[in-house]
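Engineer: If you read the protein sequences in the order shown, they are chains G and B. Using the working numbering, the first residue of the first sequence is number 20, and each one after it goes up by one. Using the working numbering, the first residue of the second sequence is number 474, and each one after it goes up by one.
Hints are not guaranteed to be accurate.
[Claimed, not checked] Calculated cross-link-like contacts (lysine to aspartate or glutamate; reagent style DMTMM-like; alpha-carbon spacing at most 25 Å):
id	chain 1	residue 1	chain 2	residue 2
1	B	529	G	476
2	G	463	B	509
3	G	449	B	565
4	B	502	G	476
5	G	386	G	371
6	G	386	G	398
7	G	463	B	595
8	G	463	B	654
9	B	624	G	499
[Stated by the list, open to error] Examples of chain G residues lying across from chain B (beta carbon under 8 Å, computed):
id	residue
10	100
11	458
12	576
Simulated from the structure, these hints should not be mistaken for lab results. Since the model is a prediction, treat every value here as computed from it, not as a measurement. Positions of the beta carbon are idealized from the N, C-alpha and C atoms, including for glycine.
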Amino acid sequence: MRGEAAADAGAGYPRSPEPHDLSDDSDYAAAAAASASIHAAIRSDMADIGSEETARVDVVYEKERVTIHPTQYGSSRISGKLRLYLQLGALFLSWEPNEGVDSFSTSSVTAEIEKYRNLYTIQALPVSDIRFIRRYNPTFGLEYIIIVLSSGLAFPPFYFYNGGTRELFATMKQHVFIIRSDDDPTLFLVNDFEDPLQKSLSSLELPGVATVANAMSRQNSFSFAGSVNEARHGDDAKHGGPSSIYEYGSKQKHKLNDPGRDLSLQVLEKFSLVTKFARDTTSSLFRENHSSGSHAYGRQKQEHVWDNRISDKYKDQQITQDDTSVLSDSTESDELLLVWGKKRGSPLTVDEWRAFLDPEGRIMDSKALRKKVFYGGVDHVLRKEVWKFLLGYHEYDSTQAEREYLAAMKREEYEAIKSQWKSISATQAKRFTKFRERKGLIDKDVVRTDRAVPFYEGDDNRNVVVLRDILLTYSFYNFDLGYCQGMSDFLAPILHVMEDESESFWCFASLMERLGGNFNRDQNGMHAQLLALSKLVELLDPPLHNYFRQNDCLNYFFCFRWVLIQFKREFSFDQIMLLWEVLWTQYLSEHFHLYLCVAILKRYRQRIIGEGMDFDTLLKFINELSGQINIDQAIQDAEALCTIAGDNGAACIPPGTPPSLPVETDGGLYLQEDDVL
Amino acid sequence: MSYAYLFKYIIIGDTGVGKSCLLLQFTDKRFQPVHDLTIGVEFGARMITIDNKPIKLQIWDTAGQESFRSITRSYYRGAAGALLVYDITRRETFNHLASWLEDARQHANANMTVMLIGNKCDLSHRRAVSYEEGEQFAKENGLVFMEASAKTAQNVEEAFIKTAGTIYKKIQDGVFDVSNESYGIKVGYAVPNASGGGAGSSSQGGGCCS
Ligand SMILES: Nc1nc2c(ncn2[C@@H]2O[C@H](COP(=O)(O)OP(=O)(O)OP(=O)(O)O)[C@@H](O)[C@H]2O)c(=O)[nH]1
Ligand SMILES: [Mg+2]
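Assemble the whole structure, with the sequences as input and the hints as a guide.
Structural biologist: As C-alpha cells, this is what we get:
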C-alpha cells in the first residue's frame, strides 16, 4: 500500500491548486512593510509608453539585481530592475536591464550579450496576462522565479541576487488574486481581478479560477522586447512599411492609454532591424493575398491554382542556381524564398569522406565536412562513422587510434552504468518504486517505437530489448533527467545506424546534452524553443504572426511535436536520418530546426490564413501534414530564411535554448523534483 | 461527406491505458498492439448515425504522459465529449482518474459529456480494479461507465456511440446553443429539415430546438 500511495503522489498529478491562504505566510508580513514604503512616482520614460497623457504610475515593488543568466557565455549575466507598478487601476510588471553587462564577461562576449539585453526587457506586462509563477527558494543558491504567461510561454528564470521573492509575492497578493498550489508549493496561480465583487465571488468558487484566468487574459499582448535601441535602428525601422499591416491586430482588451497596448508594435520595430533589403522584400512578400481572413469559398480554389503555379515555376527555377538574380525580381514574392536556398547536393560518398581524413584519421576541415553534409547528407554506409562526429561523441581532431581507445573505455563505462540497474534484484525492486515505474514506462514505450521499421519489427525482436536497455541505462546515467516519452524516437534511428549498444548509448547521451531540455520536467526547453519560434515568425512573416495572435495561436503548441522530436513523426525513417544529419551539422545555425518550422508554416500560410483556421483546425492541419512535407524544399526554404534573418534571427533565440548547450545552474542541469520518472 | 452535426471528442487518461488502440478499433475496426506511442495529439474521425441523422465524430487522442500535460490541456477546449480511460490491470491508472477529471473540468466546457472506460477487460485474470470500483467512481462523479477492450472490440462501439447519444440528447433538450462552437458541436450542411430545424447552412442561423 505504501508503494501505491507513493506512486500516486509521486507521479505528481497536480490537482487543481487548492486555496492556500497566504496570510499565514511569513511573506505576507514581510512585504506589508516593504511595499507601502516605495510609492514613488516613476520616471516619465516608463509612463509614456503608448499613451498620450501621462497616467499616474505607482511603483509598489522595486528590486535591483534581478538577473538573467545567459550562461552560454560563461559566467556573464544581465542584471536589472524588477518593478511592479499600478497604472489606471491595473498592475503591471516590468524588468529593465541595467546598462552594460555584469562582471566576469570578457569584452568579446559583451557584444553578444548586448544583443540579447533587449530581448529580455519587459516594459509593461499586465499581470493579468500571467498564468502562474513558479518560485524556487533553494537552500543553497539564489532564489528565482519563472513567469509563465497565459499564452503558455515562459520567461527565462529571474534570479534575485538581493533576495526579495517573498516580498514580490506578498506585494502582488495585495493587488491581485494569488493562490498557491497545495501539491506543488513552488506554483502560484496569478489572477488579476480588478473588480472587487468578482474577486470575492471567485474566491468562493475556487475550482473555476484557472478557467476564469484563461478567459480574462485571452489577448496575448506580452512581449519580451521593449526599449527599442534607437541608435541602432535609425530611420529604417521607424518608417518601416510594416506598421500598416499591424493595424488589423488592434482589437485590444485594454483601454487606449494602456501601457501594454502597443507592445507588439514595439517588438516589431525592434525586430525590424533586418536589413532594409530583407525587410522590404519580406513585407511586400507577405502582404499580398492577405485578406480579412473570412472564408470565402472561391478563395480556396484560387489559392490552389496559385500553389500549382508556384510548384511549376519552382521546377524551372531549381535549375537556375543563381540566387541573387532571382532575388531581385520582387514581383513573385514567396517564390523568392522558395528558390533561394541552394539546390540540394548529393550525399557524402566513401571517397569524399576519405579525402577529409588525414593519414591518422583526423578530420582536416570540419567546416567543409559539415557544409557538405548540410547540403547533401551522408551515404547510409558512412552514417555509423560520421554521426559520431556530428553528435559530438568524437572530436573532429581526434586520431583513429584515439577513437578506438575511447570506444573501448566507453564500452567499459557503459557496462558499469548498466550493471547498476541490472544488479537490482526483484526484492530490491519491490522497494524501489521509482525504478519500477521508470522501467515499466520504458518497457511499454520501446514496444511502441518504430515497430514498422524492419529493424524493430516482429515479436521478441532483440533490437527492441537493446533499445530498452539503453534507455534504462541512460536514465541511471542521467538520473535527474530520467526518462521521458520522445527519447525512444531519438534513439531508434541511432541504434539502427550504429548497430552497437555502447556506441548508440554514447551517441544518444551526446545528443541529450543538447536536447535534454526538451524532456525536462518543467518543459522549459520546449517553451524556450516555442517562444523563439514565435519571435522568428514575427520577424520573418509579420502577417502570419498577426494572424496567430488574433486567433489565439501564439503559444505555437501546434508545433510541439515538430520541435520535441525534431520532425521524427513528420517524415519517413530514411528521410529523418537525412534531416537529422543536416540539423546536427549546425552549419548555418544551431537552431536550424526552428527555421524549418517557419519555412513549413510559410509554405502553408495561405491556406492557414485563407481558410481562417482556428487553433483546433490548425493543430489538426499541422498534424496531417505528416508524410506530406517535401523535405528538400523545406530545407531549402529554411536555408533562405535563415540567411535572410541573419543576426536578427539569432537574436530572437534566447541563449541556452536547445539544442544550444544548456544553462548550468547550481542545482544541476535538470529540474529536480520528487516525481521525475 | 455531409453530416447533421459534428462532435469533438477527446480521449484522455494515463499513458499506456490503450487510448490510441481504442480509437483505432473504433475508426478502423482493428487492434494494432504496436501502434506508436502518442506525442501531443492524434486525430481520428468516423460517421455514425443517431436518430437517423449522420453525425461525424472528430476524435482527439491525446498523449497520456504527465510531462506533456501542460500542452495537452490546451486541446480540451471546445470538446463536447470525453472518454476518460484507465487500465483495469494497472491500479495507478485508476488512482489518477480524479486528477484527469479535475483537469477536464478546469479546461473543458462544463457541459462536456464524460464517459469512463475501464479498458483491457480481456485481461480480467490480471484485473487490479474491480468493476464495482469503476462503477462507483463513475457514479460519484456523474459519469457514464463501461468496461471495454480495444483488443476484442468489446463495448468500443458502444462507448463512443453512447457518448454521442448523450450529447445528442443534450442538444435536443436545449442544453447547448449549437451555434456556439465552443461547445464542441458544429452544425452540418445537408440535413433534411428535421424537427427544430437547427441545421442550416454555414450561417448556422438556427438555434436549437426547444
Ligand atoms: N490486452 C489488451 N491490450 C491492450 C488493449 N488496449 C491497448 N492495449 C495494449 O496497451 C498498449 C498501450 O496502448 P496505447 O493505445 O498505445 O496506449 P495510449 O493510452 O494511447 O498511450 P499514450 O499514447 O502513451 O498516452 C499497447 O501496446 C497495446 O498492446 C486491450 O484492450 N487489451
Ligand atoms: Mg496513444
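Engineer: Next step is simple, just say for each hint if it's right about the structure.
Structural biologist: To see whether the hints hold, each was checked on the structure:
1. B/529 x G/476: violated, 35 Å
2. G/463 x B/509: holds, 11 Å
3. G/449 x B/565: holds, 16 Å
4. B/502 x G/476: At roughly 22 Å apart (the allowed maximum being 25 Å), residue 476 of chain G and residue 502 of chain B satisfy the hint.
5. G/386 x G/371: holds, 14 Å
6. G/386 x G/398: holds, 18 Å
7. G/463 x B/595: holds, 18 Å
8. G/463 x B/654: violated, 37 Å
9. B/624 x G/499: violated, 36 Å
10. 100: violated, 30 Å
11. 458: Where the cut-off is 8 Å and the nearest Cβ of chain B is about 13 Å from residue 458 of chain G, the hint is violated.
12. 576: holds, 5 Å
The structure fails hints 1, 8, 9, 10, 11 (numbered hints given earlier, in ascending order).
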